[in-house]
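Protein chains in written order, with my numbering: chain A, 47 to 173; chain B, 163 to 742.
It should be emphasised that the hints constitute simulated quantities derived from the structure, not laboratory data.
Please note that the accuracy of each hint is not assured.
[Claimed, not checked] Straight-line Cα separation of at most 25 Å, DMTMM-like style, residue types lysine to aspartate or glutamate; simulated pairs:
1) B:Lys654 / B:Asp541
2) B:Lys641 / A:Asp129
3) B:Lys641 / A:Asp132
4) B:Lys632 / A:Glu124
5) B:Lys337 / A:Asp92
6) A:Lys103 / B:Glu445
7) A:Lys121 / B:Asp403
8) A:Lys121 / B:Asp639
9) B:Lys337 / A:Asp65
10) A:Lys103 / B:Asp403
11) B:Lys641 / B:Glu631
12) B:Lys337 / A:Glu100
13) B:Lys632 / B:Asp732
14) A:Lys103 / B:Glu390
15) B:Lys304 / B:Glu317
16) B:Lys641 / A:Glu124
17) A:Lys103 / B:Asp439
18) B:Lys413 / A:Asp112
19) B:Lys733 / A:Asp129
20) A:Lys103 / B:Glu313
21) B:Lys600 / A:Asp105
22) A:Lys121 / B:Glu694
Because the structure is a prediction, the values reported are computed rather than measured.
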Amino acid sequence: MMRVLNICVIGALVLAAADVYTIKFDSTRQAQRVAKLRLEIRRERDAVAALRAEWAKLDNPARIQDLARRHLQLKPVEAQQMDPLDNLPERPANLVAVDEADPIATVIDNPGILDRAASGNVPAAAR
Amino acid sequence: MMAMHEPVADRPAPARDPWRRRLVASLLYGRNVDRAAKTRGRIALAVFIFALGYAVIAARLVIFATAPEGHGSRRAVAQDAVATARPDMLDRNGEILATDVRTPSLFAEPHRIIDVDEASELLTAVVPEIDAAELRARLASKRRFVWLKREITPEQRAQIHRLGLPGIGFLPENKRIYPNGAEVSHIIGHVNIDNQGAGGIERWLDARGLADLHLAGLATDRLQTPVELAVDLRVQHAFRDELIAARANFKAVAAAGVLADVRTGEIVSMVSVPDYDPNNPREALDPTRINRLTTGVYEMGSTFKALTLAMALDSGKITLKSAFDASHPLQYGKFAIHDFHAQNRVLTVPEIFTYSARMALSLGIEHHKWFLRKMGQLDRLRTELPESAEPLVPKRWAELNTVTIAFGHGLSVAPLQAVMAISALMNGGHLFPPTFLKRSESEALALATQVVKPETSEKMRYLMRLNVEKGTATKADVKGYYVGGKTGTADKVVGGRYSKTKVLTSFTAVLPADQPRYLLLIMLDEPQATPETHGFTTSGWNAVPVGGAVIARIAPLLGLQPRFELPPADKLILASAGGR
Numbered sequence: 047m048m049r050v051l052n053i054c055v056i057g058a059l060v061l062a063a064a065d066v067y068t069i070k071f072d073s074t075r076q077a078q079r080v081a082k083l084r085l086e087i088r089r090e091r092d093a094v095a096a097l098r099a100e101w102a103k104l105d106n107p108a109r110i111q112d113l114a115r116r117h118l119q120l121k122p123v124e125a126q127q128m129d130p131l132d133n134l135p136e137r138p139a140n141l142v143a144v145d146e147a148d149p150i151a152t153v154i155d156n157p158g159i160l161d162r163a164a165s166g167n168v169p170a171a172a173r
Numbered sequence: 163m164m165a166m167h168e169p170v171a172d173r174p175a176p177a178r179d180p181w182r183r184r185l186v187a188s189l190l191y192g193r194n195v196d197r198a199a200k201t202r203g204r205i206a207l208a209v210f211i212f213a214l215g216y217a218v219i220a221a222r223l224v225i226f227a228t229a230p231e232g233h234g235s236r237r238a239v240a241q242d243a244v245a246t247a248r249p250d251m252l253d254r255n256g257e258i259l260a261t262d263v264r265t266p267s268l269f270a271e272p273h274r275i276i277d278v279d280e281a282s283e284l285l286t287a288v289v290p291e292i293d294a295a296e297l298r299a300r301l302a303s304k305r306r307f308v309w310l311k312r313e314i315t316p317e318q319r320a321q322i323h324r325l326g327l328p329g330i331g332f333l334p335e336n337k338r339i340y341p342n343g344a345e346v347s348h349i350i351g352h353v354n355i356d357n358q359g360a361g362g363i364e365r366w367l368d369a370r371g372l373a374d375l376h377l378a379g380l381a382t383d384r385l386q387t388p389v390e391l392a393v394d395l396r397v398q399h400a401f402r403d404e405l406i407a408a409r410a411n412f413k414a415v416a417a418a419g420v421l422a423d424v425r426t427g428e429i430v431s432m433v434s435v436p437d438y439d440p441n442n443p444r445e446a447l448d449p450t451r452i453n454r455l456t457t458g459v460y461e462m463g464s465t466f467k468a469l470t471l472a473m474a475l476d477s478g479k480i481t482l483k484s485a486f487d488a489s490h491p492l493q494y495g496k497f498a499i500h501d502f503h504a505q506n507r508v509l510t511v512p513e514i515f516t517y518s519a520r521m522a523l524s525l526g527i528e529h530h531k532w533f534l535r536k537m538g539q540l541d542r543l544r545t546e547l548p549e550s551a552e553p554l555v556p557k558r559w560a561e562l563n564t565v566t567i568a569f570g571h572g573l574s575v576a577p578l579q580a581v582m583a584i585s586a587l588m589n590g591g592h593l594f595p596p597t598f599l600k601r602s603e604s605e606a607l608a609l610a611t612q613v614v615k616p617e618t619s620e621k622m623r624y625l626m627r628l629n630v631e632k633g634t635a636t637k638a639d640v641k642g643y644y645v646g647g648k649t650g651t652a653d654k655v656v657g658g659r660y661s662k663t664k665v666l667t668s669f670t671a672v673l674p675a676d677q678p679r680y681l682l683l684i685m686l687d688e689p690q691a692t693p694e695t696h697g698f699t700t701s702g703w704n705a706v707p708v709g710g711a712v713i714a715r716i717a718p719l720l721g722l723q724p725r726f727e728l729p730p731a732d733k734l735i736l737a738s739a740g741g742r
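Chain A with its partners taken away, still in its complex shape (with noise of 0.2 Å):
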């Protein structure tokens, strides 16, 4: 009797010391995966620092306007160029119907509309 005890629990703890065993080796494992992981963030964090700073290096002003001086034509804005949206004019009707097959066969064929449009004499019936 007491000896079948003593197996049991011989038998118990050899069995809780593999479990052990495998949760440690396991959990070594995850620690070292986490380690790696965290030199890899770390990694690509200074990396993507070091970019955003050749980023922020050439999307500098300076640069872009000494680019912009030689390769365009552009100008700097100016005011009288700028206007607010509740100055755009309402939108003009459509030239032909939305259900149209061929909306600039309609056009061509009726050059009459394009003056209409532009004098902004357009039939109701169009839109």
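Please arrange chain B on chain A, whose structure you already have, making use of the hints.
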């Protein structure tokens, strides 16, 4: 043990033991000892000692299992202590002004180096910038750790790694990068080789506790919250570009400018050329490259008249309709004070302001002093920037000082200080210290003191606008932004006397004058006459057109909506003020 001395009297030693055993027994135990009891005691002792040993081992195992590798983390701290990180600096739109980049640095442990000659030869081949003799001396020294070269390139690192020299290693260090070069130098400052702030906001960061964190080895993480500044990089660039052009055009010693938000006190842009590249901090030592707006003090000239008039209007002693006799040069004792723009007739208050006449409005010395102190013109202005200058206040403040200070001579202030005061005159009378960090309108109002009445502020804005419509600042009337402005031309003191030729011109503008948002100050130090200015060096010919160019360029960036066909100042501003 407890059984050891128990006397056993009535048990005679058994005679039938062999003699050898009796001998051993008599050598080991005394004659009258109970051996069984003794044995039990010894076993108990052994059990106790072994149990103790196993308990220690078990406890140690638990410690090992729960605590992470101790020596590894200690090494990481030591390594990071070198690589002190600083928070990024962003402008108000999130553009990077300063950031950290990790670069390897080369070090040596001389005691581990086998062949000094070979090592120094190979290293100089890879890194030619190192002085060969100095490198040899360092490698041969007795120290345990020496830096060989801070901040090497990744390619050099790979090459040195391939050399496989013992005792040579790399540590990653954070290098501070300023991607915009000289653009915002005077605001952000710079750092030294150990990443400690040596000026501007960088220094302020250290003073705010970053230095302590560094010492504790804690500020190593890149995740520190970035510092958001009030400066707008794009505005700053446009502003600086115009000022560099102006400085070249007028061959001025220096050109400087500030753009402040009058509702929050934020400095949206601050330029002082010549400036320096913070990536090359040695340039900062050059005294001509100082920040003239905070570190220099200047007599602001007629710009100060705005303060004088505001004081007079606020006191109620004069109104906009008051008239003064300007038919003769202003006489004070034996001094005759002449005007740049002499009119020689009776002038009203708006006329005085727009012709920039020199006036002697006297409300008494004490009142004048009290008002200027209230406006923060007599004390040193403290901002986040460590650089600041004490205003030069006359030691004995007599009647004559009051007369000259009224038109901006005899009191030298930092230009940023004047900006603070004039902002208060524009925004309805709220005076708050300027800031280089982001600040909301409500935060600013919490700091504010009411220095003049809101009506006085309205009147001052009317005068400023009038000055642009038909005064000395007509060249700054950028269509669409309703600019108001005040010019200033101060004779410079050269060798203790006011120079006839060297002047400091300034232009203070508010835009838009009816709903003030921004205050602009332009300052030119010793501008020269050019053919376009017809030989004049007064503000209206140099600082004002520069101001106009700056406004035309930066107003769209600031998101100000251009408005055309606005009525003149007396209709728009004074009418809303409810008459005079």
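Structure-based check of each hint:
Between lysine 654 of chain B and aspartate 541 of chain B the alpha-carbon distance is near 22 Å, which keeps this suggested pair within the 25 Å criterion. Taking the CA atoms of lysine 641 of chain B and aspartate 129 of chain A, the gap is about 13 Å. The hint holds against a cut of 25 Å. For the hint linking lysine 641 of chain B to aspartate 132 of chain A, the alpha-carbon distance of about 20 Å falls within 25 Å, and the restraint holds. For the given pair, lysine 632 of chain B sits about 23 Å from glutamate 124 of chain A by alpha-carbon distance, which is consistent with the 25 Å threshold.
Distance hint between lysine 337 of chain B and aspartate 92 of chain A is fulfilled; the C-alpha atoms sit about 11 Å from each other, no more than 25 Å. In summary, the hint linking lysine 103 of chain A to glutamate 445 of chain B is supported, as the alpha carbons are separated by about 20 Å, within the 25 Å threshold. Restraint check for lysine 121 of chain A and aspartate 403 of chain B: satisfied, since their Cα atoms lie roughly 15 Å apart, inside the 25 Å limit. As the CA atoms of lysine 121 of chain A and aspartate 639 of chain B are separated by approximately 20 Å, the hinted pair is consistent with the 25 Å bound.
For the given pair, lysine 337 of chain B sits about 48 Å from aspartate 65 of chain A by alpha-carbon distance, which is inconsistent with the 25 Å threshold. Straight-line distance between C-alpha atoms of lysine 103 of chain A and aspartate 403 of chain B comes to about 17 Å, which keeps the hinted pair within the 25 Å bound. For a cut-off of 25 Å, the pair hint linking lysine 641 of chain B to glutamate 631 of chain B stands: about 11 Å separates their Cα positions. Simply put, lysine 337 of chain B and glutamate 100 of chain A have alpha-carbon atoms about 14 Å apart, close enough for the 25 Å limit, and the pair holds.
For the hint linking lysine 632 of chain B to aspartate 732 of chain B, the alpha-carbon distance of about 12 Å falls within 25 Å, and the restraint holds. Distance check on the hinted pair: lysine 103 of chain A and glutamate 390 of chain B sit about 18 Å apart at the alpha-carbon level, within 25 Å; holds. Restraint check for lysine 304 of chain B and glutamate 317 of chain B: not satisfied, since their Cα atoms lie roughly 29 Å apart, outside the 25 Å limit. With a CA separation close to 9 Å, the supplied pair lysine 641 of chain B and glutamate 124 of chain A stays within the 25 Å bound.
Distance restraint check for lysine 103 of chain A and aspartate 439 of chain B: the Cα-Cα separation of roughly 13 Å lies within the 25 Å cut-off, and the hinted pair is therefore satisfied. A threshold of 25 Å between alpha carbons decides the hint, and for lysine 413 of chain B with aspartate 112 of chain A the separation of about 23 Å falls inside it, so the pair holds. Note on lysine 733 of chain B and aspartate 129 of chain A: the hinted pairing holds, with a Cα-Cα distance of about 24 Å set against a maximum of 25 Å. The hinted pair formed by lysine 103 of chain A and glutamate 313 of chain B meets the criterion: a straight-line CA distance of about 19 Å does not exceed 25 Å.
For a cut-off of 25 Å, the pair hint linking lysine 600 of chain B to aspartate 105 of chain A stands: about 23 Å separates their Cα positions. With a CA separation close to 24 Å, the supplied pair lysine 121 of chain A and glutamate 694 of chain B stays within the 25 Å bound.
When held up to the earlier numbered hints, the structure conflicts with 9 and 15 and fits the remainder.
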